[in-house]
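Residue numbers (the numbering used here), protein chains in the order written: chain A, 1 to 345; chain B, 1 to 345.
You may find that some hints are simply not true.
[As the list claims (entries may be wrong)] With a cut-off of at most 30 Å between alpha-carbon atoms, the simulated DSSO-like pairs for lysine-lysine come out as follows:
#1 A:LYS6 - B:LYS128
#2 A:LYS6 - B:LYS293
#3 B:LYS244 - A:LYS6
#4 B:LYS183 - A:LYS290
#5 A:LYS96 - B:LYS332
#6 A:LYS96 - B:LYS201
#7 B:LYS293 - A:LYS183
#8 A:LYS183 - B:LYS201
#9 B:LYS136 - A:LYS183
#10 B:LYS45 - A:LYS183
#11 B:LYS136 - B:LYS148
#12 A:LYS183 - B:LYS148
#13 B:LYS45 - B:LYS128
#14 A:LYS45 - A:LYS128
#15 A:LYS128 - A:LYS83
Since the hints were made in silico from the structure, they are not lab data.
Protein chains: 2
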Amino acid sequence: MPELRKNIITREWVVIATERGKRPSDFKKATAAAKTDEQKAEEVKKCPFCPGNENQTPPEIFSYRLSGIAKNGAWEIRAIPNKFAALQPDGNLDHKEVGIFDVLNGIGYSDVIIETPGHFERFPFLPKSHIEKVIKAYQERYLQLRDKPHVEHVIIFRNHGEKAGTSLQHPHSQIIATPVMPKEFWFEVEGAANYFEYEEKCAVCAVLDFESTAGDRVVWENDSFLAFTFFASRYPFETRIVPKAHKASFSDMTPYEGGDLAEIIKEVLSRLYNCLDDPSYNLTLHSLLKPGKYEESYHWHFQILPRLTTPAGFELGTGMFINVTAPEEAAKFLREAKSFADIAG
Amino acid sequence: MPELRKNIITREWVVIATERGKRPSDFKKATAAAKTDEQKAEEVKKCPFCPGNENQTPPEIFSYRLSGIAKNGAWEIRAIPNKFAALQPDGNLDHKEVGIFDVLNGIGYSDVIIETPGHFERFPFLPKSHIEKVIKAYQERYLQLRDKPHVEHVIIFRNHGEKAGTSLQHPHSQIIATPVMPKEFWFEVEGAANYFEYEEKCAVCAVLDFESTAGDRVVWENDSFLAFTFFASRYPFETRIVPKAHKASFSDMTPYEGGDLAEIIKEVLSRLYNCLDDPSYNLTLHSLLKPGKYEESYHWHFQILPRLTTPAGFELGTGMFINVTAPEEAAKFLREAKSFADIAG
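Just chain A, same shape as in the assembly (with noise of 0.2 Å):
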């Protein structure tokens, strides 16, 4: 069973999940010479994301199917638990204090969105309308995991690239569900709720307004969604795609919002191919499962943080980051990169 324990001075829980046992041995394996061809085709082969071997992953929690029998296998999107979970459904708490410190059993949601059938497809090849369906998957499991006992936030995720902590190639998403409220999304809820109290208006809605109106961050729009690089980016080339309506939860995302998200996310994630030589990313939701007096301070969105660069020691050790490209030049290298809107709609 994984642990979560809680740090006693950032009150920050860490999940102590290892279950796939990590011996030092395992760490020196990841340093190792590049796979040849033949374990590369031997992978694919072994894919449990790929048609055919649906029988090597736990029991799908739903799919989208085509009504005939489609080219690659009768899915369109699958959603299964992750096979080697961080956090495990079953089970209680268990709060208990170890010497000083509080511990808790892992208990929460580790699943996977496979996003198509086909193994070496490219998420921003896909057509806006497959990519509308997976957005779907997104919400529907979203609001399934709303309503489970010890829930208490939902990230939904996107890592691509080794840089970004995958090494699968099969194109997927992870949603994970935590039974404590992680700090630093907690910190970005407080902040926006003071930020409200102060100003009496929502901070995002603010930067939407400040962003549309000076332009020059803006990479992407449509009738449902600004997509600018941030202002105050960490990371280079770090970009929101944020909903013009004001809403707190993912939750309330309108289907016609979802057909424009899809193309807004297509949009990007195409550019950032195009301008970066398909650069590692971590596409990341956030927003509140459950509102509540935040409704009106907060406000949901996606991030994508491109990973082009290493945090170093001065990253790690204060919280504070240095951003080598300024966020005004990384737009216009975005908004000038080709997009495969065209090719693939």
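With chain A held as given, fit chain B onto it using these hints.
Then chain B, alone, in the frame of chain A:
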């Protein structure tokens, strides 16, 4: 001039330092093929940290020299300003507002401690007596920066290996003085103060007691310091080196403690080297420059953060970490690993 920009929600400051002019093509280069032996040899010849190339660095701040002529040149340790400084000493903060955002000039100090004349030396292989001098240089520069205008915080850190954000082979550490208090460090200071208020003791002193008694996370110990893997480690093999005497600032470390610190850093880093096959890591100082009312509640120390895994969407989107190695296991491996104390004491 680099710029500091404040996030209106989290209130964290970000350094936008574009002096190196990162365009998309610069990031592409970073993922180019490994260097040839010839390129490496050329690089060594041009290394600005090597004896003979002193004129390639900005004028030195201070150096420690042998009384005679040493084999590799007359200096043993050099403190210099970083040629590619993230922050620059000259000028004023010039606080201004850009729409809804706060902006400061990037005033501060960005220094390098060249730890040895030997380009190919490895830090944990250096004699303890030499590491002691490196630590003395840390403290000397720390004390100098304490009295400079606009300096709110000083961090000393050592990046080792590509995954820890450095590609420079020549052994060196960095010292950065910031004109604002970094958010995450400040949460640590405030968290410790809250603990002190509630428990009427220093949180780090409480951890020292807890770890000495438990024993299973202890890696090494001497008169003045305890080294242990942290109970709520965010990173696999994350290790703290903590002075037993309660002090809020590295400024107040005694020369005797400096000797013990050199010994324990050598012990821990050499065990890490042997246990994990020379892993990338960041060594970071956590210390209050001017403790003031936090004298009793804050406790300075070093953290060693091995970079064995890659934080991904979950970590970046929540601030919560998943650690795949139990700290107790990590400590056991480090205790059992060989050290270099005998061969180069």
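Inset, instruction - Of all the hints given earlier, name the ones this structure violates by number, lowest first. - result: 1, 9, 10 and 12
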